[in-house]
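Model the full structure from these sequences, guided by the hints.
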Amino acid sequence: AQSVTQLGSHVSVSEGALVLLRCNYSSSVPPYLFWYVQYPNQGLQLLLKYTSAATLVKGINGFEAEFKKSETSFHLTKPSAHMSDAAEYFCAVSFTGANSKLTFGKGITLSVRP
Amino acid sequence: DVKVTQSSRYLVKRTGEKVFLECVQDMDHENMFWYRQDPGLGLRLIYFSYDVKMKEKGDIPEGYSVSREKKERFSLILESASTNQTSMYLCASSFGGARETQYFGPGTRLLVL
Chain A
2 AQSVTQLGSH VSVSEGALVL LRCNYSSSVP PYLFWYVQYP NQGLQLLLKY
52 TSAATLVKGI NGFEAEFKKS ETSFHLTKPS AHMSDAAEYF CAVSFTGANS
102 KLTFGKGITL SVRP
Chain B
16 DVKVTQSSRY LVKRTGEKVF LECVQDMDHE NMFWYRQDPG LGLRLIYFSY
66 DVKMKEKGDI PEGYSVSREK KERFSLILES ASTNQTSMYL CASSFGGARE
116 TQYFGPGTRL LVL
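If you read the protein sequences in the order shown, they are chains A and B.
For the numbering used here, add 1 to where a residue sits in the first sequence, where the first one is 1.
For the numbering used here, add 15 to where a residue sits in the second sequence, where the first one is 1.
Across the chosen pairs, the derived CB separations fall in these ranges:
#, chain 1, residue 1, chain 2, residue 2, range
1, B, SER95, A, THR97, 33 to 41 angstroms
2, B, GLU87, A, ALA2, 26 to 34 angstroms
3, A, GLU65, B, ARG59, 26 to 34 angstroms
4, B, THR101, A, THR110, 17 to 25 angstroms
5, B, ILE92, A, GLY98, 26 to 34 angstroms
6, B, SER82, A, GLY17, 43 to 51 angstroms
7, B, ASP16, A, GLU65, 22 to 30 angstroms
8, A, ALA54, B, MET42, 21 to 29 angstroms
9, A, SER53, B, LEU126, 36 to 44 angstroms
10, A, THR78, B, ARG88, 37 to 45 angstroms
Source of the hints: derived by calculation from the structure; they are not laboratory data.
Note that CB positions come from ideal geometry on N, CA and C, so glycine has one too.
In structure tokens:
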């Protein structure tokens, strides 16, 4: 069975600091990996996704993530946090044959301090 | 831009009432999904549909049913609402295929009293 682990429920950084949100997956077949963001009172929107092409994936708003098969990880990073990055972030996994079904992690809330 | 709309942003219902949540997408997507979102639990899949009149149970289908009579519309039905169904409900749609992006609606926050 596929699963996603997001350690911790809350991360707080200062404005301008590095953002690192961790995601580890478990999958018996090659995975497709996604990061979604949810701003307050909104639905989720895609930040970026890995679909077996380049292992370093760039997304919107300056975020990127690197697929590391040996570490079963897909951590999300941004070099310099902005106040507008405060939101909840979800990592999700899918795989061929899943008919587009996603398995989500529990989410991490990012706070950005002035 | 893809647009997924949900019939209500906020809903208050009484225990035992029948509740309909509707979702409409405008991108001719084959797949549609209903999730519930609870603090600390992330998103959990209730039901999904990969074609008109087709449905499959997700991880937590108990107490829910769905209907997809037209490609663009996917309804979630709570046959007899209970307090433990108080939650945020999110609808999503996508093209077929595991690498496809799911597009989400704004959510319906349901309170069952």
